[in-house]
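Novice: Using the hints, position chain C against chain B.
Number of protein chains: 2
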Amino acid sequence: MLERDIIQNWGFANVAENGRTTGFRIHLRNPNYRGLSSSLVDGVGVTVDGRSWSYEETAVELQGRRFPLAELRASTGARWNLDEPASVFVPLEGGLERGVHRVAVDVRLRAPYYPVEFQPNVFRAERPLTLVGGTDGTFKYGVSTYSYTGDMNTSMTLEDVMAEIHDIGATGIEILGEGNIPGYPAPSAEWIDSWHRNIAKYGLTPTNYGSWIDSRMWLDRDLTAQEGHEALARDIRLAAELGFSFVRPKIGVVSLDLQPHPIWEEAVERTLDLAAEKNIVICPEIHAPTPIRHPVVDDYISFVERTGTKNFGLLIDTGVFMTKPSLDGLDGKVPESEEDLPVPLRPLRVPASDLLDVLPYVVFVQAKFYEVDEHLEDLHIPWTDVLRTLKQGGYEGWLSSEYEGRREPYRGSVMVRRQHAMFRRLEAGL
Amino acid sequence: MLERDIIQNWGFANVAENGRTTGFRIHLRNPNYRGLSSSLVDGVGVTVDGRSWSYEETAVELQGRRFPLAELRASTGARWNLDEPASVFVPLEGGLERGVHRVAVDVRLRAPYYPVEFQPNVFRAERPLTLVGGTDGTFKYGVSTYSYTGDMNTSMTLEDVMAEIHDIGATGIEILGEGNIPGYPAPSAEWIDSWHRNIAKYGLTPTNYGSWIDSRMWLDRDLTAQEGHEALARDIRLAAELGFSFVRPKIGVVSLDLQPHPIWEEAVERTLDLAAEKNIVICPEIHAPTPIRHPVVDDYISFVERTGTKNFGLLIDTGVFMTKPSLDGLDGKVPESEEDLPVPLRPLRVPASDLLDVLPYVVFVQAKFYEVDEHLEDLHIPWTDVLRTLKQGGYEGWLSSEYEGRREPYRGSVMVRRQHAMFRRLEAGL
Chain B
7 MLERDIIQNW GFANVAENGR TTGFRIHLRN PNYRGLSSSL VDGVGVTVDG
57 RSWSYEETAV ELQGRRFPLA ELRASTGARW NLDEPASVFV PLEGGLERGV
107 HRVAVDVRLR APYYPVEFQP NVFRAERPLT LVGGTDGTFK YGVSTYSYTG
157 DMNTSMTLED VMAEIHDIGA TGIEILGEGN IPGYPAPSAE WIDSWHRNIA
207 KYGLTPTNYG SWIDSRMWLD RDLTAQEGHE ALARDIRLAA ELGFSFVRPK
257 IGVVSLDLQP HPIWEEAVER TLDLAAEKNI VICPEIHAPT PIRHPVVDDY
307 ISFVERTGTK NFGLLIDTGV FMTKPSLDGL DGKVPESEED LPVPLRPLRV
357 PASDLLDVLP YVVFVQAKFY EVDEHLEDLH IPWTDVLRTL KQGGYEGWLS
407 SEYEGRREPY RGSVMVRRQH AMFRRLEAGL
Chain C
7 MLERDIIQNW GFANVAENGR TTGFRIHLRN PNYRGLSSSL VDGVGVTVDG
57 RSWSYEETAV ELQGRRFPLA ELRASTGARW NLDEPASVFV PLEGGLERGV
107 HRVAVDVRLR APYYPVEFQP NVFRAERPLT LVGGTDGTFK YGVSTYSYTG
157 DMNTSMTLED VMAEIHDIGA TGIEILGEGN IPGYPAPSAE WIDSWHRNIA
207 KYGLTPTNYG SWIDSRMWLD RDLTAQEGHE ALARDIRLAA ELGFSFVRPK
257 IGVVSLDLQP HPIWEEAVER TLDLAAEKNI VICPEIHAPT PIRHPVVDDY
307 ISFVERTGTK NFGLLIDTGV FMTKPSLDGL DGKVPESEED LPVPLRPLRV
357 PASDLLDVLP YVVFVQAKFY EVDEHLEDLH IPWTDVLRTL KQGGYEGWLS
407 SEYEGRREPY RGSVMVRRQH AMFRRLEAGL
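So the sequences go chain by chain: B and C. Those letters in the first sequence? Residues 7 to 436, per this note's numbering, in order. Those letters in the second sequence? Residues 7 to 436, per this note's numbering, in order.
Only chain B is shown next, with the shape it has when bound in the complex:
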């Protein structure tokens, strides 16, 4: 699927030729109702941050061929189909800086069935776009499909998500097992093949697989420890078959402060041998409103100490570090004080330094966030502290983006790009 906007969010990048950055490119959806021959594409004008390049100065890439205007007009054999993006190359020595840019385009298309006096048709569009830029990488970067909730199955396929992750230069994909696997818990062999094919195609590593132990599956009784084990084992087998290294079971809770159901310990312990056999680390998430210093976390660490297992650890959801409340779920009703906020929305303000106590047990970090603005500033999470602490503590695992802000169409893609541009900018200062 392409994005609805003519200007695509993905594909915006500098272009290097022979080791020199000679310009940048923008991907466009065909704004017409029909596909057309390349010679009917009469160039694309581009404006970025107020600087303009006329349609005579850019080049249009269609089906792998780059056409300066004169060649485009005389061309044969190439087309701009409705299901294929065009790429506009804009010459600019050194390219654009990492960050958010205001981009506008004038796409000029000729239609012989209109009187020539009214030609070409000009389709204008504008949109802020984020140039992520590469990195050597202090951390391993990934993205959770959760970031695209609402877009997936309506305007993005799983393959589109993979392409998006690849496009921002991240290499890890985190999924929700019961969510992203068609026919879960028994996907077809054909689907499993396509999963592996696409993982290879987009150069990705399967990271964490989200699962659930639905302790209150029925109203009249809770799951037994054996049933909890069976649920977890089922997901570990499937996760391993798909190449994942981590499984996060979301365990049912029994109290307002999110104590996990007491079956958790036995259910997990019965599954440790399987996890070891499948090279999977089971990692429940430490998630607001549970802070890092909390009996739940102590229990998990005691479990590791008691069993000596290498197949159980902590997943830290960075929502615990939130310093300002996200008001996205409140329909504009800003409360007078934080005490008036629903508990899950109150910032926990866990100091990043709390991480150091538990870091030896941390196997995965979900980079939870709600909004990064056009200056690449996160409005809620103190990333400089968090990243510095992770680096100081020697964390070498994944940072897996988990966008959880407003679910307007395409906002997840836009925000994940901004978060990754921000990470790469921050890395330089660590």
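It should be emphasised that the hints constitute simulated quantities derived from the structure, not laboratory data. Think of the CB as a built atom: it goes at the ideal place given N, C-alpha and C, for glycine as much as any other residue. One or more hints might be untrue.
Unchecked claim - To give an idea of the interface, some chain C residues facing chain B are shown, with a C-beta separation under 10 Å as derived from the structure:
1) 46
2) 169
3) 263
4) 285
Specialist: Just chain C now, kept in the frame of chain B:
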């Protein structure tokens, strides 16, 4: 793809059991970020036009099984996956009337990882929905993919369009060759197979195939008649391979009143033998601002008379009958008089009776429209006149919906459903 709204536009229909209409159904997208077991779906409350059915009164259908609430809560082995709709059955003797209804739902989902005090999570949604209702059919009804411009390739696949057409009880599909065929003009054998498989799956007949003779393909010279013939022949071969009966070439024009390029006659004549061999009728469209009584139409009819061909005819676009201007393209700037409107937006007000003169030559009707309101009234096209005249003149061909109003997401689907409900209501009075 599913629609973004929780309440799906498609699937809204009365349900007959043993020949009796016992209720109606509504299709829903899973509003959660995860898939879940059927026992965690705690019923769906429904309100239609102010009348409510509680979550205890409806039944939820998942993966082909219908569960009343008690059975749903105790169920095992069924799921509501994110890529599959649930269907809610609402009991109502005799069902709902054809037309637009205001529908609201409360979808109740249980999440064991939330404290039980805050359960279930209730997802509320509302939306007007159109119940199309069946028909014996004075005419053959179809839909053009053009109706879904902007949605296709962003939120609808071609198969989604086929499913949508089937869902409203229409049987014809019209496509744009250079637009809807991946890899046009040389689709893969695999794609052609999938086309035929889906045509059979959704019980559709390929009707009209839109093509172009791009006379101004290059700036320095026009297409020759031979090149025009080759373009048309290419599309006729492809259309025939896909099972179409009609090909509409959109021919380049040479004047402000849309005189077709003079190559048209020779280009078409050279193609008549191929069209006869392939059982294709070539049918240029009579489209505003060209009315029915016009030299262009006379020329087309003379061509038929002179050649005696049965493989050329007229396609009438019902935009010529428009009585009130559609202001959709004007960004809210309503002009003082019609003379201030751009020519293509001025209503031509061709009397429907003009059809009778040319009906022997009419082989296809594109049911162009811009908006049908919640009372099933078209705001621009006088359908009662048009349908009555077509019936009076003995037209037995296709009426193929061509929605051309505003391109907001999903509006095409909504409007096509309304148009078909309107057609079926009007049929009764013809």
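Novice: Going through the earlier hints one by one, which of them does the structure break, listed in rising order?
Specialist: 2 and 4
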